[in-house]
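Respectively, the protein sequence lines represent chains A and B.
Yeah, the first sequence ends on 487 if you go by our numbering, and it's all consecutive.
Yeah, the second sequence ends on 941 if you go by our numbering, and it's all consecutive.
If you are wondering where the hints come from, they were derived from the structure by calculation, not from laboratory data.
C-beta atoms are modelled at their ideal positions from N, C-alpha and C, and glycine is treated no differently.
One thing to keep in mind: the hints can contain errors.
[As the list claims (entries may be wrong)] Cross-link-like lysine-lysine pairs, in silico, DSBU-like; alpha carbons within 30 Å at most: (1) Lys560(B) to Lys440(A); (2) Lys824(B) to Lys850(B); (3) Lys850(B) to Lys818(B); (4) Lys264(A) to Lys818(B); (5) Lys818(B) to Lys252(A); (6) Lys694(B) to Lys48(A); (7) Lys737(B) to Lys560(B).
[What the hints assert, rightly or not] Beyond 12 Å from chain A on every Cβ pair, some chain B residues (computed): (8) Ser513; (9) Asp535; (10) Glu569; (11) Ala611; (12) Glu687; (13) His696.
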Amino acid sequence: MLPAGCGPRDDEEEERPQPQSGSSTEHEDRPSPKELEELELLNRALEKALTVRKSILKTPLETRGATGHKWAGEAHAPKKAEEQQVPVSVEDVPECRNVKAGSKKPLLLKKPSPYQLRAPYRTDPDVKKLQRKVPAGCVSQGPRTAGKISSKGMTSKQGRSHRTAAGASGREVCAAAEPQETPGLSESAPNEQQSFSGGDSAAGKNSMAAGKQLLDAGKKSSGFLAESSKKEDTACAWGRSITPGTGTLQEKGCQLKLPLPYRKAYSRNSRAWERCRLCQTSADAAAARTRFMERIQTTFCSLKLTPSPAEIEEELRGLQDVPSRLRQYVEAEPADPSTLQEEYESLLTLEGVQTTVSQCLQKLQLLQEALESQLRLHPDCTGDVGSCCPACVPVRGQMCDSADMLAVPLLCYSSLQELRDLFALKLQVSMLHQEIALQKVMMAELLPVLEARPLLEGSAGLFRAIQSQLCEGGRRFPVLVRDELLD
Amino acid sequence: MRGQRREQHREQHREQHREQHRERGSALPAAVGALCRALPPRARPAPDTLRRARFDRPQASLDFWKLLYVLLKQIHGGRWTESDAIGAQVSFVKWALWYHGYGRPQLQRLPADGSAGSRELLLAFSWLLHSPGLLEQLLARNRVQPGDQTSVCTCGDELPSSQEGTSEAGPEERVDVRYLQWLNGRLRLQWCSLHAQHQEQCKLWYKIHLFTSGSHMDQNLGHFSVTETDLIRQPENYKQLLQLLDSETKQLEAFLEWKQLEPVYWQWMETVLDNMAEEGNMCESQNVHVEKRRLPEATPWAAKLTGQMDRLSRDLVALQEHLHQLVAQRKAAWWEKVATREELQKERFSATARKIQESTELKLRGLTSLCAPKKKMHGLCRLVLRSKHPAGRMGFGQCGSKEAVAAVSAAEVITELQVREASLQRELQQLRQQCRHRLDGIAEGLEGVICISP
Chain A
1 MLPAGCGPRD
11 DEEEERPQPQ
21 SGSSTEHEDR
31 PSPKELEELE
41 LLNRALEKAL
51 TVRKSILKTP
61 LETRGATGHK
71 WAGEAHAPKK
81 AEEQQVPVSV
91 EDVPECRNVK
101 AGSKKPLLLK
111 KPSPYQLRAP
121 YRTDPDVKKL
131 QRKVPAGCVS
141 QGPRTAGKIS
151 SKGMTSKQGR
161 SHRTAAGASG
171 REVCAAAEPQ
181 ETPGLSESAP
191 NEQQSFSGGD
201 SAAGKNSMAA
211 GKQLLDAGKK
221 SSGFLAESSK
231 KEDTACAWGR
241 SITPGTGTLQ
251 EKGCQLKLPL
261 PYRKAYSRNS
271 RAWERCRLCQ
281 TSADAAAART
291 RFMERIQTTF
301 CSLKLTPSPA
311 EIEEELRGLQ
321 DVPSRLRQYV
331 EAEPADPSTL
341 QEEYESLLTL
351 EGVQTTVSQC
361 LQKLQLLQEA
371 LESQLRLHPD
381 CTGDVGSCCP
391 ACVPVRGQMC
401 DSADMLAVPL
411 LCYSSLQELR
421 DLFALKLQVS
431 MLHQEIALQK
441 VMMAELLPVL
451 EARPLLEGSA
461 GLFRAIQSQL
471 CEGGRRFPVL
481 VRDELLD
Chain B
488 MRGQRREQHR
498 EQHREQHREQ
508 HRERGSALPA
518 AVGALCRALP
528 PRARPAPDTL
538 RRARFDRPQA
548 SLDFWKLLYV
558 LLKQIHGGRW
568 TESDAIGAQV
578 SFVKWALWYH
588 GYGRPQLQRL
598 PADGSAGSRE
608 LLLAFSWLLH
618 SPGLLEQLLA
628 RNRVQPGDQT
638 SVCTCGDELP
648 SSQEGTSEAG
658 PEERVDVRYL
668 QWLNGRLRLQ
678 WCSLHAQHQE
688 QCKLWYKIHL
698 FTSGSHMDQN
708 LGHFSVTETD
718 LIRQPENYKQ
728 LLQLLDSETK
738 QLEAFLEWKQ
748 LEPVYWQWME
758 TVLDNMAEEG
768 NMCESQNVHV
778 EKRRLPEATP
788 WAAKLTGQMD
798 RLSRDLVALQ
808 EHLHQLVAQR
818 KAAWWEKVAT
828 REELQKERFS
838 ATARKIQEST
848 ELKLRGLTSL
858 CAPKKKMHGL
868 CRLVLRSKHP
878 AGRMGFGQCG
888 SKEAVAAVSA
898 AEVITELQVR
908 EASLQRELQQ
918 LRQQCRHRLD
928 GIAEGLEGVI
938 CISP
């Protein structure tokens, strides 16, 4: 049972894998007795989700704030924390109280980032409260952090979410102070001290972007909690060596510089690519090569004019979407054109489409013949068919010009929405491919089951299941009604 | 007498060859060496292998089979291990060469244990250098990319075909259809979560790209990728990346060297052909006519392709019939209108008619390009955030022949994907419709039950 008011949840939040939600729904909302068990389950589930997330999120603290926010929203274990009894004054924080749960999650949060520390930052008064109860090592820093926490628009969604983020990450860090995290944590801590003075003056400023606030709060809490780690000293020293006033990624991002060795390697590499792309085959080489190719082709047994199987496949790929596109043209034509001109135009268009269709059919015919003649030369598959003729042969760039292949392949997008649409569509296409493949297999397997046997009384349920699976993709079910009016 | 003359001619010819060979002699090892170094690191042969193959030494055969196997697998995006059996290697290489249109029958007749035929393989290798552009393809495929990558290919062949049978049939022998339903639901859930993760990944990428705009030294890119941003913070983690970049640079330099020395190599290959001609090897093929073999329908590739072709032809024929009807209808209506209206017979209308024809031609220009195979970019692309205003940068895709970057815009890919999605949806709906018909037939057989579909 996931508590309703559990943090802001927007569409992009990662859905939990099945077992995790399953396990949390079994929990009762009661302290102590099964708590350890529940915590253990939740730990495991979060770990699992974390390993997935880790592979995606190799981003600096800037985005950590965002993820922190999401995590907080998702940490739905409806139980109270154990030792870290946090008197939560915020409405949505209670659910996110899982102290031990965030075992490895803090790893994401505590990446050292020299450019992310900066002067005025905003924090949240509730973070202060939460962290007050934190174990001994942390407590000393508590008041200071608390002092820095200025109040912002609490009612804003970001405010709430980052509070939650701060809270959640704070607790989690506290719970699992792992050594490798400390450099990052403690690094921000001394800067907190430095920016302490700035904090008050910053209190009034409200010009920061929401993301920054998220980031700051997240940083701060984690930084603060780093004090509790053992490697505090070394980490602090390292932290202090970072120049103060280095900003967030948002501020300083445009001034960052890649390290010199990488820059050198990169520019050498791209220059080499460019030279390769521009280098032309010399005339003698081209002549010699053509001579060789012609001579060897005279020894081939296939006719030179038939396209190779690779070319056939490539052409076929090009033709695959043609019916859809042509249908678009046809459907775009108005069914009942008003003026004469429109009618004429529509007629011409349709005729044009018609000629294209017949051209395509001719082409297809040629391809079919070519395929047949090529298949006659097919090598004998001795033994395992699968190994010698792989079903999926993703040979790319068959028709590409050699030089084009060496150009830098870039995919340019101009907005976040475009990027998201692109990925959503890619996923949709893959999913459709899979669904089609599955549909074919299921048709082959399930329909004979129903067609073969004489239908017994009890097979109505089976029929319904198969109907829904095959015809509705398992999303809807037909209604089976007893035909009792017959008698 | 004549015979002696001919003998002498042949001797002279051979002498000439040997001389040329000696001249080339110094350049040839360099060319072969450069060629070997231009191949990817894991598939690099020793120059000796090629040399031994030239003389058809059987010892070089195994190595050469392996070389071709690895290279062709890389082009085809397949996986291979060190321990793949020689029989499998041989059949794959034979198939791949057939696939690319290499038609020498002698190659197909080589023994399956890989014990002979190094010279044939050398010929095939050289042919591959030109015909699908082996080197360029390998370079492009194995490109070291420190960027955020995604593929723009809409082909959808990426689903791995696992040949295993039913893995988990549940505790009992018979599989319950409810298990199937449950699996289906789980699959959908995974897709949803994958979708959510992708969306989140997009958001994070966007942030990084946006925030680091203007920092990259490469003007084409303009901003850092995730890897590069992380590189700034933790340079020590990325030593391997630097090494890969360096080794790729060396490979590219070897490629350039090879391009310079290419003529020598091709002349050398011609001597191989000459030798074979002398041995009477070549004449054989002239007399080889295509034997009538049974078409191997069993191969999955051929089956897939014929399936696609059949479906395509069905679609097109259906569309043609539909259009036929539509056009006939429209034409009849049109001629009716024309007959009744006087003004159409005036001059004025013919002018407008011409204009309409031109504009329709423009509209339909897109159609003719439909049937021509487009230059599709497969492979991975680096994501680059670029605002819509190029702001005086070099016009990509506008200058004629070769652009510095093969930039594809997301908008184009999106439209392509939308078309792809539409055709796939139609295909799925057709399949479902088939099922519906058959199930309706079955439903009639259900005693005393009425089925109401949703």
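A quick look at each hint next to the structure:
For the suggested pair Lys560(B) and Lys440(A), the alpha carbons sit about 29 Å apart, so the restraint of at most 30 Å is met. Between Lys824(B) and Lys850(B) the alpha-carbon distance is near 25 Å, which keeps this suggested pair within the 30 Å criterion. Using a Cα cut-off of 30 Å, the hinted pair Lys850(B) and Lys818(B) holds, with the two alpha carbons roughly 20 Å apart. Using a Cα cut-off of 30 Å, the hinted pair Lys264(A) and Lys818(B) is violated, with the two alpha carbons roughly 68 Å apart.
For the hint pairing Lys818(B) with Lys252(A), the CA-to-CA distance comes to about 67 Å; that exceeds 30 Å, so the pair is violated. A hinted pair counts as satisfied when its Cα atoms are at most 30 Å apart, and Lys694(B) with Lys48(A) qualifies at roughly 25 Å. With a C-alpha separation of about 23 Å, the suggested pairing of Lys737(B) with Lys560(B) holds against the 30 Å cut-off. Remark: the non-interface label on Ser513(B) is consistent with the geometry, its nearest Cβ contact in chain A lying 17 Å away (cut-off 12 Å).
Residue placement check: Asp535(B) keeps its beta carbon more than 12 Å from all beta carbons of chain A (closest about 22 Å). The beta carbon of Glu569(B) sits about 16 Å from the closest Cβ of chain A, which is more than 12 Å, so the claim that it is off the interface holds. With a minimum CB-CB distance of about 9 Å to chain A, Ala611(B) fails to clear the 12 Å threshold, and the non-interface call is violated. With a cut of 12 Å on Cβ distances, Glu687(B) falls inside the contact zone with chain A, its closest approach being about 5 Å.
At roughly 9 Å from the closest C-beta of chain A, the C-beta of His696(B) falls inside 12 Å, breaking its exclusion from the interface.
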